[in-house]
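Chemist: Single-letter residue listing:
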Amino acid sequence: MSERPLPVPDAATAPYWDAAREHRLVMPKCADCGAFHFYPRTLCPSCSSSRIEWAACSGRAEVYSYTIVHRAPGPAFTAEVPYVVATVKLHEGPHLMTRIRGCAPEAVRIGMAVRVAFDEASAEITLPVFEPAGEVL
Amino acid sequence: MKTNAAIVGIGESRVGKVPDRSALQLQADAAQAALADAGLSMSDVDGLLTTPVRVEHWNMPAGVVAHHLGIRPAFLSTVDLAGASGAAMIHQAAMAIASGQCTTVLCVAGQNLLSHGSRSTAVRKMAEGGSAHPQFEVPYGPLVPSLYALVAQRHMHEYGTTAEQLAEVAVTIRRHASLNPNAHKREPITAADVLGSKMITSPLHILDCAIVSDGAAAAIVTSADRARDLRSRPAHLLGQGYGLRHSHIGDTSLTTTGAVDSGRDAFRTAGLSPSDVDVAQIYDCFTITVIVELEDLGFCAKGEGGAFVEGGRIGLGGALPVTTHGGLLSGGHPGLGGGFFHVLEGVRQVRGDAGERQVPDAKVALVHGNGGVISVHCTLLLGQEGRA
Chain F
3 MSERPLPVPD AATAPYWDAA REHRLVMPKC ADCGAFHFYP RTLCPSCSSS RIEWAACSGR
63 AEVYSYTIVH RAPGPAFTAE VPYVVATVKL HEGPHLMTRI RGCAPEAVRI GMAVRVAFDE
123 ASAEITLPVF EPAGEVL
Chain S
1070 MKTNAAIVGI GESRVGKVPD RSALQLQADA AQAALADAGL SMSDVDGLLT TPVRVEHWNM
1130 PAGVVAHHLG IRPAFLSTVD LAGASGAAMI HQAAMAIASG QCTTVLCVAG QNLLSHGSRS
1190 TAVRKMAEGG SAHPQFEVPY GPLVPSLYAL VAQRHMHEYG TTAEQLAEVA VTIRRHASLN
1250 PNAHKREPIT AADVLGSKMI TSPLHILDCA IVSDGAAAAI VTSADRARDL RSRPAHLLGQ
1310 GYGLRHSHIG DTSLTTTGAV DSGRDAFRTA GLSPSDVDVA QIYDCFTITV IVELEDLGFC
1370 AKGEGGAFVE GGRIGLGGAL PVTTHGGLLS GGHPGLGGGF FHVLEGVRQV RGDAGERQVP
1430 DAKVALVHGN GGVISVHCTL LLGQEGRA
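As you go down the protein sequences, you meet chains F and S in turn.
Here the first sequence is numbered in this note's numbering, starting from 3 and rising by one per residue.
Here the second sequence is numbered in this note's numbering, starting from 1070 and rising by one per residue.
Calculated directly from the structure, the hints in this document are not laboratory data.
Owing to the predicted nature of the structure, the values given are computational and were not obtained by experimental measurement.
Any given hint could turn out to be false.
As the list claims (entries may be wrong) - Label-pair ranges, simulated between beta-carbon atoms:
{"#": "1", "chain 1": "S", "residue 1": "1275", "chain 2": "F", "residue 2": "49", "range": "38 to 46 Å"}
{"#": "2", "chain 1": "F", "residue 1": "24", "chain 2": "S", "residue 2": "1186", "range": "38 to 46 Å"}
{"#": "3", "chain 1": "F", "residue 1": "111", "chain 2": "S", "residue 2": "1186", "range": "50 to 58 Å"}
{"#": "4", "chain 1": "S", "residue 1": "1164", "chain 2": "F", "residue 2": "43", "range": "28 to 36 Å"}
What the hints assert, rightly or not - Here are a few chain S residues that sit away from chain F, every Cβ distance over 12 Å (derived from the structure):
{"#": "5", "residue": "1073"}
{"#": "6", "residue": "1083"}
{"#": "7", "residue": "1110"}
{"#": "8", "residue": "1164"}
{"#": "9", "residue": "1167"}
{"#": "10", "residue": "1169"}
{"#": "11", "residue": "1185"}
{"#": "12", "residue": "1265"}
{"#": "13", "residue": "1267"}
{"#": "14", "residue": "1370"}
{"#": "15", "residue": "1422"}
{"#": "16", "residue": "1425"}
{"#": "17", "residue": "1455"}
Ideal Cβ positions, reconstructed from N, Cα and C, are used throughout, including at glycine.
Kindly produce the complete structure, drawing on both the sequences and the hints.
Modeler: Structure representation (structure tokens):
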């Protein structure tokens, strides 16, 4: 099995991946207008401020959309199919792409409550993933 | 801005599996065909626009293509709006001509995306094209089709769009391809074929997805004044618009796109409305793309795209024939140049040259391209008659 493509953190994204390694989910938040955003930007998309901070998130989200992947995009993922790639809407507002684990792929529904979990993909990289929160199914 | 430009020549290379031609050879084939159609020669060309290719590294694509064709352009540039590049090249050529920088622009794009490597290599090259965010999306393992599957799933959830409605798009566009002698896939298919084809990334089956092809397309743009002196019948650029509402799909709402903006601006600059359009060449990288874009361009209300494509409405003979050459789903998809074939078909339709696929008395054609994951959009309106 070839190696799974993992993120290479850079100056703009290292705080996100550092936090994930510690099993914390953080998001960029504007110190001027208070809006969260994701993916990380240099300027706040709501007010163009450059005063961006990293703020802790609750890890609570709902499934915004999902797809069950039946054909792997490359050899690194072949052993995992079928798997669920989803976008989730965080309680704090931003959307992000992730995997849904902890239930059968067929059980995933849009609107389902999920909570963050952490997949330790390598010594350096931990990927935030989501699991059913058990509240709505 | 009123540019008063016209497309006076179009040409295609062979499209499909063309293992005996390189990317530059395919582009040269298309360029020569477009010049012949216009009644011009390479020495008349003083402007050149092209797009990047994925199969090999060209350090400055416009320079590489111009040199290969023996052009010494007064204006050249590489346009990279991914799938919107084809439509955008036409407008950017029109602006260069209106500015006085040049008189005759060759726009050309295409490559041997299929024959350069295996199909799986092509799929990987498309994935590496940057549709998925390298840090926040690629590690989770989406295919490029998965990114559009997220759109389809959400559209189904919000509006009740069905897999059968998606299949109707694939069936209609394949029927159009069957009437195009240069199309890659011409065997008619049924809705049952689409729904029974391999599920790639739910809810998209393999027949909901664009094919991978070799091929190139070219067009010659000049001023409407000069077009009058040429032997070919021109297609006039009546209006255009651009739109961008997101870069990647993971961080955004999924069912309304920048096509709202590009369509609104194209209709405003042309002084037209959707009801004036006789034929629409809509970008069709996936079946869901057509449904979302028909809504965003104003042909139906948001959420009604699924019902709109039913009952033969988007087929030849229907109220709004869509993507009449066979598109990316069946006609051919050589990467960034793919959307350029939609421009060529818009030109054919308003010139009355579309043969068996001709929409009777088509006066206005809309052409729409999108790049990324329904991220960047360019809409053109082409007319049989220029503006007064």
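Chemist: Against this structure, judge whether each hint is valid.
Modeler: Tested hints:
1. Between residue 1275 (chain S) and residue 49 (chain F) the CB atoms are about 44 Å apart, so this pair conforms to the stated range of 38 to 46 Å.
2. Between residue 24 (chain F) and residue 1186 (chain S) the beta carbon distance is about 41 Å. The supplied range of 38 to 46 Å therefore holds.
3. Look at residue 111 (chain F) against residue 1186 (chain S): about 39 Å separates their beta carbons, and that is not inside 50 to 58 Å.
4. Hint check: residue 1164 (chain S) to residue 43 (chain F), Cβ distance near 30 Å, so the stated range 28 to 36 Å holds.
5. For residue 1073 (chain S), the requirement that its beta carbon stay farther than 12 Å from each beta carbon of chain F is met, with the minimum near 37 Å.
6. For residue 1083 (chain S), the condition that its CB be more than 12 Å from all CB atoms of chain F holds, with the nearest at approximately 29 Å.
7. Against chain F, the non-interface label of residue 1110 (chain S) holds: every CB pair exceeds 12 Å, the least being about 45 Å.
8. The claim that residue 1164 (chain S) is not at the interface with chain F holds, since no C-beta of that chain comes within 12 Å of its own (minimum 28 Å).
9. The beta carbon of residue 1167 (chain S) sits about 32 Å from the closest Cβ of chain F, which is more than 12 Å, so the claim that it is off the interface holds.
10. No beta-carbon of chain F is positioned within 12 Å of the beta-carbon of residue 1169 (chain S); the least distance is around 36 Å.
11. Listed as a non-interface residue, residue 1185 (chain S) keeps its Cβ farther than 12 Å from every Cβ of chain F; the least gap is roughly 18 Å.
12. Against chain F, the non-interface label of residue 1265 (chain S) holds: every CB pair exceeds 12 Å, the least being about 14 Å.
13. The Cβ of residue 1267 (chain S) does not lie farther than 12 Å from every Cβ of chain F; its closest approach is about 8 Å, which violates its non-interface assignment.
14. The Cβ of residue 1370 (chain S) lies farther than 12 Å from every Cβ of chain F, with a closest approach of about 21 Å, so its non-interface assignment holds.
15. Here residue 1422 (chain S) stays apart from chain F, with its beta-carbon at least about 39 Å from theirs, past the 12 Å limit.
16. With 12 Å as the threshold on Cβ separation, the claim that residue 1425 (chain S) sits away from chain F holds: the shortest Cβ distance comes to roughly 35 Å.
17. Distance check on residue 1455 (chain S): its Cβ is at least 40 Å (rounded) from any Cβ of chain F, clearing the 12 Å threshold; non-interface status holds.
Of the numbered hints stated above, those contradicted by the structure are hints 3, 13, listed in ascending order.
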